[in-house]
Amino acid sequence: MRIESDIILGKVKRLVSDGKADRVFAWKKGNFCYDTEPSLFTDNYVGFTYDDFCAANLCKFMINESKKDGKTLVLIKPCDSKGLALLEKEHRINRERIYALGVPCAGKIDMDKIRENGVKGVIGIEEEKENVSCNGDENLIIKTLYGDKIIPKKSVLYDKCLSCTDKEHVGCDEVFMPELSEDTYDGKKFEGVKKIENMPSDERFSFWRSQLSKCIRCNACRNVCPVCSCVKCIFDNDNSGIASKANSDDFEENLYHIIRAFHVCGRCVDCGECSRVCPEKIPLHLLNRKYIKDIKELYGYEKEPALLTFTKSDAEPSVIYERGEKNV
Amino acid sequence: MYKIAYSEIYNLFDRIKDVITLFLPAKNDGAVSFSKYESGTRYEADALNTVRSAKDFFFPQTQNIAEFKISGKSIEILQNTEETGKFAVFGVRACDEKSFGILDRVFLSEPSDPYYNEKREKAVIITAACNYPEETCFCTAFGIDPSEPRGDVSTWVSEDFLYWKANTEKGEELTNKIADIFERCNDGEIISIKNNIKTAAEKLPFVSLNLDYWRNTGEKEIFASEKWESVYKGCLGCGTCTFVCPTCQCYDVRDFDSGKSVRKFRCWDSCMYSDFTKMAHGNPRKSQKERFRQRFMHKLKYFPENNGGIFSCVGCGRCLKSCPQSLNIIKVARSVAADD
Chain C
0 MRIESDIILG KVKRLVSDGK ADRVFAWKKG NFCYDTEPSL FTDNYVGFTY
50 DDFCAANLCK FMINESKKDG KTLVLIKPCD SKGLALLEKE HRINRERIYA
100 LGVPCAGKID MDKIRENGVK GVIGIEEEKE NVSCNGDENL IIKTLYGDKI
150 IPKKSVLYDK CLSCTDKEHV GCDEVFMPEL SEDTYDGKKF EGVKKIENMP
200 SDERFSFWRS QLSKCIRCNA CRNVCPVCSC VKCIFDNDNS GIASKANSDD
250 FEENLYHIIR AFHVCGRCVD CGECSRVCPE KIPLHLLNRK YIKDIKELYG
300 YEKEPALLTF TKSDAEPSVI YERGEKNV
Chain A
0 MYKIAYSEIY NLFDRIKDVI TLFLPAKNDG AVSFSKYESG TRYEADALNT
50 VRSAKDFFFP QTQNIAEFKI SGKSIEILQN TEETGKFAVF GVRACDEKSF
100 GILDRVFLSE PSDPYYNEKR EKAVIITAAC NYPEETCFCT AFGIDPSEPR
150 GDVSTWVSED FLYWKANTEK GEELTNKIAD IFERCNDGEI ISIKNNIKTA
200 AEKLPFVSLN LDYWRNTGEK EIFASEKWES VYKGCLGCGT CTFVCPTCQC
250 YDVRDFDSGK SVRKFRCWDS CMYSDFTKMA HGNPRKSQKE RFRQRFMHKL
300 KYFPENNGGI FSCVGCGRCL KSCPQSLNII KVARSVAADD
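So the protein sequences, as listed, match chains C and A. Residue numbers 0 to 327, in numbering that gives the first Met the number 0, belong to the letters of the first sequence in order. Residue numbers 0 to 339, in numbering that gives the first Met the number 0, belong to the letters of the second sequence in order.
Pulled out of the complex, with its shape left as it was, chain C reads as follows (with noise of 0.2 Å):
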């Protein structure tokens, strides 16, 4: 079954009139079917939507929400409630003045990816109703300026919705309908990263040194990230003596990277959307997952965070040297 924005819309106007919350936080239609933005409803519900192109994390903006008077609600997939319990557990969110209501994911759709088919001039995308392709996944009908193109929507989806291992939600008031999330795990969590760390110390460099000169210092990775919550980050301080808008030299910007990377470990929810945001498509998710694999592997930790979590059993310092010498 679909995931109707309507009925969405309908749950979230009971809520509101029952006196869950006194303003909405959630997704507005765009310009086109698929540039929905993130949107703060107060007192009416135009253009409201709750589709395929809804990625972004709201999670985030519930820091500034909840230190205002009243409630909000929030609309939370299952990537965002991870951040949201993140947040929560760190006290940079007033739990009480959220109302986070779960609602259910088939996964969302990659601009970029369709981009990538050759296609142009979208100005309409549609689910194909009949001749579902032969392994059972659904069809997406690109309509664009120059002709239809039909794409399997699997092959479209951000890859932070391919690396997502269980549809569930965690730490919401209430999660809506749940049974129509769908699964969209392809089985590669780990890929990305094993084929890194199988690549010599040189190759592994270099490949870094490549990806991250791409990037252009606009900050998207770290001002999106639900984990990245500093009130004022190190590198937007003039005094720390490292600031920096752009780097003087190319090195820096492989700099800031390794730092956000280090100060988010242990801590990162794994939602993928520094690597969804970037313009330059660094996928910056590998950075961080590359640690996730480490505390699972050497920690045992999976969904507790590892930095708050010691138990006299953890690994010593020692064996991850060890570990280390070996991938030299």
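In case anyone wonders, no lab produced these hints; they're calculated from the structure. Where a beta carbon is used, it is the ideal one built from N, C-alpha and C, also for glycine. Watch out, some of these pointers could steer you wrong.
Unchecked claim - Computed cross-link-like contacts, BS3-like style, restricted to lysine-lysine with a CA-CA straight-line distance of at most 27 Å: (1) C/Lys194 x A/Lys26; (2) C/Lys19 x C/Lys88; (3) A/Lys277 x C/Lys66; (4) A/Lys330 x C/Lys280.
What the hints assert, rightly or not - Covered stretches of chain C (in silico footprint by chain A; criterion: 3 or more residues with CB under 8 Å from a CB of chain A, positions within the stretch not fixed): (5) 37-50; (6) 115-122; (7) 212-224; (8) 233-240.
Using the hints, position chain A against chain C.
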């Protein structure tokens, strides 16, 4: 006008490369950027826009200005700007080419900017007409014709040929050096290509974008509009829109302390950033709403006020594609102008 079989296009690039350093759109780890052409580089003919615009050639993200070396009580000042040789850029779209004129108004008005000027003088711009404009394109709203790109040389592509026409002295000079690779042809041969582009451009969703509100409403009234309160809500405060924009022109001058010296450099600034135009007394725009408003006021009001009505936008559509939250200049231009 000249033409060359499209199948010979790499021979053309090789010839140009022998005469002058050549840059063209190529895929670089998944993202298309203007890259130095070497034999074997694959030209991304289908990419309408590079991720970063062509302004980078003249106004790079980072520009070294000087280095101060300190030893004892003496300070040595070194000019550490890099010399730019002559270069050609192939595949610049009509919108990006138009953006140079907008940047010129800022960087070449007196006192003109020597770094920018030097690079402008050394560049030969070879434009490419847009056979398949995208839904995000709205250059026509700013009087740009995607079928008539300007620059030093204009090119058009049909299924079989690449057409080449020099527009300036610089363009003629380059053309003369490689003329033997072409055959002469009539201007009439490209009429159908141009007509096809014009027809495609007329069907674009923003062809009727109306900017009269921005032309006719007073600066203070727009500035004070209550609409700003809602339009910025989804903004992350990242600098993506400003950094991919071909007309964003703000910069900062910073010092980098290397321990042994101080390197002074200029870098792109973004009005979306919290320290934009920060002064001794602090920051004049304390909230994201104010910073967001600045970007659109600059493009659609302040710049035209100071430049005979010319908007500081060329409709390339990069911000429509790149904004992580799908905010963009079209949405803002329309929402702020809307009656409701």
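Quick check: the stretch 212-224 of chain C, covered by chain A? Criterion 3+ residues, Cβ under 8 Å. With 9 residues close enough to chain A, the hint holds.
Given hint C/Lys88 paired with C/Lys19 - CA-CA distance at most 27 Å: holds, 22 Å
Outcome, coverage hint (the stretch 37-50 of chain C, chain A; C-beta under 8 Å; three residues): holds (count 3)
Below or equal to 27 Å on CA atoms is what counts here, so check A/Lys277 against C/Lys66. holds, 26 Å
Between C/Lys194 and A/Lys26, does the CA-CA distance stay at or below 27 Å? Distance of about 22 Å is within 27 Å: holds.
Has the stretch 115-122 of chain C got at least three residues whose CB is nearer than 8 Å to a CB belonging to chain A? Coverage by chain A holds here, the residue count being 5 at a Cβ distance below 8 Å.
Outcome, coverage of the stretch 233-240 of chain C by chain A - at least 3 residues whose beta-carbon is closer than 8 Å to one in that chain: Check passed, 3 qualifying residues.
Would the pair A/Lys330 and C/Lys280 pass a check requiring their Cα atoms to be no farther apart than 27 Å? holds, 24 Å
In summary, this structure violates none of the numbered hints.
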